[in-house]
Structure formats: C-alpha cells, structure tokens
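Once you've looked at the hints, dock chain B against the given chain A.
There are 2 protein chains.
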Amino acid sequence: MKAINVGLLGIGTVGGGTFTVLKRNEEEITRRAGRPIRITAVADKNLELARKVAGTGPRITDDAFSVVADPEIDIVVELIGGYGIAKELVLKAIENGKHVVTANKALLAVHGNEIFAAAQKKGVMVAFEAAVAGGIPIIKALREGLSANRIQWLAGIINGTTNFILSEMRDKGLPFADVLKEAQALGYAEADPTFDIEGIDAAHKATIMSAIAFGVPMQFSAAHVEGITALDSVDITYAEQLGYRIKLLGISRMRPEGIELRVHPTLIPAKRLIANVEGAMNAVVVHGDAVGATLYYGKGAGAEPTASAVIADLVDVTRLHTADPEHRVPHLAFQPDQVRDLKVLPIEEVITSYYLRMRVEDKPGVLADITRILADSGISIEAMIQKEAPEGSSQTDIIMLTHETVEKNANAAIAKIEALPVVQGRITRLRMENLQ
Amino acid sequence: MKAINVGLLGIGTVGGGTFTVLKRNEEEITRRAGRPIRITAVADKNLELARKVAGTGPRITDDAFSVVADPEIDIVVELIGGYGIAKELVLKAIENGKHVVTANKALLAVHGNEIFAAAQKKGVMVAFEAAVAGGIPIIKALREGLSANRIQWLAGIINGTTNFILSEMRDKGLPFADVLKEAQALGYAEADPTFDIEGIDAAHKATIMSAIAFGVPMQFSAAHVEGITALDSVDITYAEQLGYRIKLLGISRMRPEGIELRVHPTLIPAKRLIANVEGAMNAVVVHGDAVGATLYYGKGAGAEPTASAVIADLVDVTRLHTADPEHRVPHLAFQPDQVRDLKVLPIEEVITSYYLRMRVEDKPGVLADITRILADSGISIEAMIQKEAPEGSSQTDIIMLTHETVEKNANAAIAKIEALPVVQGRITRLRMENLQ
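In order, the protein sequences belong to chains A and B. FYI, UniProt numbering numbers position 263 of the first sequence as 263, with every residue one higher than the one before it. FYI, UniProt numbering numbers position 129 of the second sequence as 129, with every residue one higher than the one before it.
Next comes chain A alone, as it looks inside the complex (with noise of 0.2 Å):
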C-alpha cells in the first residue's frame, strides 16, 4: 500500500526520537499500520543538525511553511513548541488539508479550541497524545478506553522536574534551591526552569486532560495554578510523619455547579501507588463512575517515550486519514456539538482538605482557641502533631490535617486563627486530596 509521507517541523530533542524509532521499528510499524510511514520533509532552523539527524533521505529545509504547503505531505508533525510560529503552521497546516500531529501542550491548551475548531471545520485531524505525559497513553485511556464512564476525576503527576526535585528534597532532605541546582546539572531541569517549578506546564497538560475528560473547552486561563518554589522541606517531612507523601498534581474535577482545574503541591497518603511515584516519572489517576479508580504510569519526557507517542498518533492518523469524519474519534472525546460550556470553578470553591502548620506560644489555651475557630466554621481535624517546644524557646509548632471545606471557608478560618495574638506570622497552607 502506498506510504504516508509525513513532514516534520523542529528537529530536536523529540524530533530526533522520532526519527530514530521510525526508522528502528520501520517494519513492526509497517506491519501494524500496514502502510510504511515515511518522514519526507524536515523543517528546522538549524539546517546543519537537521542534516545530520535526517541524513540524506527526506527534503530538508528551513523554511517550515514549504512543508506545510507541499502537496506531497499527508500529516504535518509540529515540535516547535510555543504559541507563536507553531500556532501559525498548525492552522495553516490544517487550512491546507493536512493532519496534524503536535507535543505542544502550551499551543492545544492556550489555543486549542481555535485549532479543532479549525480542523473539525476541515475535515482533519489533529492528535496530541504527545502533548501530555510523554509515552504514557493516556490521551487514549481518556478519549477511547472509558468512554463508558462519567469521568468524576483525575490527579495526576505531569511534570517530571518537579518530581525528580520533590522526591530528592524527601530522599535527601535538602532545601528547594539546593535540588533545583543538581536537576539542572543532571539534565531533569531546564537553565529557565520556570514553566516547570511554577507549575505552568502542569497546568497546560491538566488543562487538556480536564477538556476530553468532561467533554468542556479548554480553559487554561481559569486554572488555579502554584508551583513548588515556596515548598519547605520541613513540610515534606511532617507530612511523611502523618504518613502522607508531597506530589505536585495537576487536579480536575467535575462537579454539577462546575469544574475544579488546579495545580498545586498536595498532600496524599503514603500508601497509595501514585504516592510512590520517584524521580522524573509521571502518573495519571483517572477516576470513572463504572471502573473506579484508573492508573497509567510511564516515562514523562525524553526523546523517545514522547516519540512512542507521537509514533502512536502517526499509525492512528494514518489509518484513518482516508475515512469518514464519522469514523474518528472526536479531537476532544465528545462529539463538537456536544461540548458542554461547564465553567472552571474559581479556586475559592474548590473542595479539598488542608494541612496546615503554625508557630504559637507554647502556654495553656492556645490549642483550645485554634480548634474553637475551626469547630466554628465546620472544619474538623483529622489529626494533629503538636512539638515539644525547643529547650529555652517559649513558641511551638502545630500541624493540623483537616477533613474537607470550601476553600474560602479554609481561608476565613485560616485568617481568624492568624490574628489571635498567640499565632506568630503566617500560617503554612497545604492542600491534601485523598484520592480514592
């Protein structure tokens, strides 16, 4: 059968992976696909690195546009990256009738209703298993494997850095700044790591897997998003002590008056596998009403787990680029017109438990005052560690685990108990999900 030529946009880390594996695997991949799949064209500013990774077979080239257009491309590949030349091709790609298959989280979950609507409108496909959690299926597991459920939530670990840089801060018991240095010597973090510490990523790959779980649009500006910069590891260890692990989590949640789309550091029980997820690895819990609690687990990143993706992505596009609309899976797991215009809820009612950890003058009462305000608005604790003061000190650290309340319920009692005079400065706040 006639191959599938295939153009590439970006050469780099995951360009190359793709390269690699296409060709490693040319014939278990022919013999799924049935058809052979065949970079035909590289576009990539540095033509030299392009040469050398694309060797002399495939048209290469400079000028990314000319691939977009050429006639003899059937699926444009996009792993540029960022909002800006990426989003330009991909919509010129799709203007001209190619599919497309694209990494780019930050693109699909800024721009992404724009795109499929585009595509939708042009009978194309665009695919994006890529985009989230490198080589894990999970883009998948959510659009085709439960489809039978009503998706009640997910939580996931989609950052690798981060969790390399948590998991060595609880191994070693070493300081934010301190692991963020020896990431970005090993390779785990990025010279600019912001868009990973901040949670900026996370929350871009959330974003995407909150759209096709709940069938809504994308909505990354109204995601609640933190990092782990002002993370203590003082707070990693109590938390170890009350038998939780700290995890970065990127969480949605649907609930009838809206959705939750958060990303913050969360506190979870040890012993729930997502918990003891190490290093750079990323994990996704997908709870559904008929099958439960779901788990998908894998390499995050790297060249070629996020090519198995894209790869994934080629042989399905390429099976069904001939066929009927009909016949694909919608790009966000609902059909288009079936899209729900269910808002994101703003984080203030979202619903979760809470860590909390306060300094206070070690005398009588203060206990009784602390839990009077919580009995107050309707939180009740769930347990509790109160230190033995340090030999001359008269102050006293107190942590608390809370059943669940409204954020904002959390935040009024938060601000009650940091003004009785006893309670010095502010209070460390951290959310904990249960997960079952």
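Check the hints yourself; a few may be wrong.
[What the hints assert, rightly or not] The following label-pair restraints were derived from C-beta to C-beta distances:
{"no.": "1", "chain 1": "A", "residue 1": "173", "chain 2": "B", "residue 2": "234", "range": "33 to 39 Å"}
{"no.": "2", "chain 1": "B", "residue 1": "177", "chain 2": "A", "residue 2": "1", "range": "56 to 62 Å"}
{"no.": "3", "chain 1": "B", "residue 1": "175", "chain 2": "A", "residue 2": "289", "range": "34 to 40 Å"}
{"no.": "4", "chain 1": "A", "residue 1": "289", "chain 2": "B", "residue 2": "63", "range": "30 to 36 Å"}
{"no.": "5", "chain 1": "A", "residue 1": "257", "chain 2": "B", "residue 2": "36", "range": "26 to 32 Å"}
{"no.": "6", "chain 1": "B", "residue 1": "367", "chain 2": "A", "residue 2": "383", "range": "35 to 41 Å"}
{"no.": "7", "chain 1": "B", "residue 1": "2", "chain 2": "A", "residue 2": "383", "range": "52 to 58 Å"}
{"no.": "8", "chain 1": "B", "residue 1": "123", "chain 2": "A", "residue 2": "85", "range": "31 to 37 Å"}
{"no.": "9", "chain 1": "A", "residue 1": "172", "chain 2": "B", "residue 2": "177", "range": "42 to 48 Å"}
{"no.": "10", "chain 1": "B", "residue 1": "386", "chain 2": "A", "residue 2": "383", "range": "38 to 44 Å"}
Hint data in this document are derived by calculation from the structure and do not stem from the laboratory. A virtual CB, placed ideally from N, CA and C, is assigned to each residue, including glycine.
Only chain B this time, still in chain A's reference frame:
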C-alpha cells in the same frame, strides 16, 4: 443519527453491569459515540432474571441463536463464557455479519485464531477489551497506544482472586488454605476456584496479551502454568526479608528464538510499583524499546469495571461499524498477513533468576559444597540468608537468590544440590524477575 442495536448474550454479573452503566451514562456515552447505543435483545436461560434486569424495553428470549440471527442487531455482546455454546454463537454471529464484543478470555485464548480468521474473512470486528484486566484499557494500550514500540516484555497481576489471597497471606501470615476459605466467604473466590488458583485464568489473559504485543498467534496450549496452591507462607516471609514480594504474574517476553509465555508465583523487588498492587486489584507492566516501562492499574473484575470495557468496545465498534476494514485496528494489533509464526519456548528455555530454599545439616563445608555446584553451573548468587539452627536441631534453612540463568541449567544444578547427603528433601524453587 440512527441508534446502534446491541444483542446481549448472558445477563449475569457483567451483563447486568453493562445494562446498568449503558442506561445510567446514556447521555454521556451518546455525546461521545455520536449516536445512541441500545440493548434491544437479551438472551439468557434464566428468563426471569433477564426480565428483572432488562425490564420491558428489549426483546427477551432464552434462544441465543435467535439473537445472533436477528437482522435488527448490529453488535452481539457475548457474556456467556466458556468454550462450548459461546464459541458456536460467536462464530454464528460472525457468519451473519454481526460485530462481536466479548469478555471471554478462555474462548479467545483457546479458539482465538479460528475466531479472528473468521471475522477477518467476513469483514467484521471482534473486540475484547473486557477479556483482560477488566476495566483497565490494556488491550487498547497494547494494540494502539504503544504501536511505535518493539514490545520487549510484559508482566501482569491479572487475576484478582490470587492477588487477594497472596496479599492476605503476607499481611496476616496465614497459610493458603485458610485465606482461600476467607476469599470464598467474601466472594473474591468462587466455590470451585481451580481456574483462578491454578493460574489458568491468568494464562488465558497472558496468552491474549502476548499475541497482540508480539504479533504472534494465540498459543495457550504452549503456555507454562503454575498456580499458587503449593506456595508456602514461609517463602513470602523470607522474600520480604530479602526486599521482595511474591505475586502471581502472567509474563510474556519476546526473544529472537521465540516467546516466553508463563504464569507462576514470582518474586519481584518490593520497591517496584507493581509489587505494591494489593487485594483484588490488577496491574500490567509493558516494556517497549522506545517508551521504556509503562504500567496500567485498576479493577480487574466486577460488574461495572468489566462493563466499562465492554461499553468502550461498543463505542469503538459503533464508530467504525460502517467503515472500511482498512480503517480499523487489526484484531491482533498487526495486519492479519503480518502475524509471525514465532513459537512459545519450552519452560526449560526460559531465562530468569531464582529463589531457592533448602534444609541442610548445620555443619562446616555444606555451604561450600552448594555454592561450588552453582558456580560450576555458571550461576552466581545475588543474596543469601542462612538461618541459625534452632535449639536442639542439627538442621537449618538456607535461602539464596541467584542471578539469571536458563531454567534447564538451574534444574540441573538444583538436582545436583538435592543429591548432596547434607541436603534434606526437595529444594523449594521460585522464579524471580527484576522488571526493570
């Protein structure tokens, strides 16, 4: 769009679950599938039960053949189980041009080659996500999600009953027979638990995964199958002390000379995620050359988790039922003319590590004799425990973990050690996998 009409054969646990979930999530499923999916005929020997579960909507009959012959039916869901009448009905449905969705692992592992050939010839789909690991979309991950990879091995906890029993034996230190009784009382084990505890059910599932992972025919009769009935809880304890857990794994590995396909109790490092899968839960690790190790976890049985998989298949088949067969995923992941005739290797050719427990005379030179035999066979020792002889006894236990070797080599060494006059009785031997 026109509704899809489904004929359901067998309204037991999974049939009832399928009914319930299809009804409860009708809106959500239709929003995804683009058209309603309706059960319009139900066949069961127990008409009363069928009427109770299915209500007055669908046609209810005790003649399953009338359903597979019904011109109104688009898809037949076979939930009868076993190889007898189920095989006849599935083949008849295919002959009548119906697509088939089945949860019947025994049928597919034993007669799959014949069934898929018939379906191929007739141009219909036979979907079987529910046949392996219940609601976990592992078939979809293997057939589609990892299609870029040369899959190297897979290993799964794919029988909830035995995993529940092993978890309880470890937690409570109880012998197999006691825990089996408890599992039966709790409904985790059937009155006749043979298929589960002897590893046959796991072997059916491993056979199916092996075929779609490696592009080989179903070869159930060549699988090596050991259950957990002979497992002594003392070995669970010793394994624990050495940093390992014992799980009943279904393992399949691709080697240039053939396929390993085996089910047996297996020591795995306690720090692996899959070692921490407890109770009746299922999990499968799949290792591909590009993606590395990925893991899929969830409920492997039960009415609604299994219905989740059945209905996901119904959505897939609905989407593609009028599509050209070339647009569909091949039944066994590889194009039908691309299935390779690679044979399952005899167990003697398997390469693995071993846990050995032996009772010996507690006197000088014994350990030297044993380690000499292993060294002469080229088997190196990774770890060892030698227990102190109990007060008043002249005998003690030695526990050894070996590095990898070919099983026939291990067998020969074990026979030589057993022949030593200082070694009492038979050596307990368990296989061990690193799963990295």
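Q) Do the beta carbons of residue 177 of chain B and residue 1 of chain A sit within 56 to 62 Å of each other? A) holds (58 Å)
**Q.** Cβ distance range 30 to 36 Å for residue 289 of chain A and residue 63 of chain B, holds or violated
**A.** holds (34 Å)
Q) If you check the beta carbons of residue 386 of chain B and residue 383 of chain A, does the distance land in 38 to 44 Å? A) holds (43 Å)
Q.
Given a hint of 34 to 40 Å, does the C-beta separation of residue 175 of chain B and residue 289 of chain A actually sit inside it?
A. At 38 Å between Cβs, range holds.
Q) Does the Cβ-Cβ separation between residue 123 of chain B and residue 85 of chain A fall within 31 to 37 Å? A) violated (45 Å)
Q) Within 26 to 32 Å or not, the Cβ separation of residue 257 of chain A and residue 36 of chain B? A) Cβ of residue 257 of chain A to Cβ of residue 36 of chain B: about 28 Å, so the range 26 to 32 Å holds.
Q. Does the Cβ distance between residue 2 of chain B and residue 383 of chain A fall inside 52 to 58 Å?
A. holds (56 Å)
Q) Taking 35 to 41 Å as the hint, is the beta-carbon distance of residue 367 of chain B and residue 383 of chain A inside that range? A) violated (49 Å)
Q. Range hint 33 to 39 Å: satisfied by the CB atoms of residue 173 of chain A and residue 234 of chain B?
A. holds (37 Å)
Q.
Please check whether residue 172 of chain A and residue 177 of chain B have a Cβ separation lying inside 42 to 48 Å.
A. holds (46 Å)
In terms of the numbered hints stated before, the structure departs from hints 6 and 8, listed from lowest to highest.
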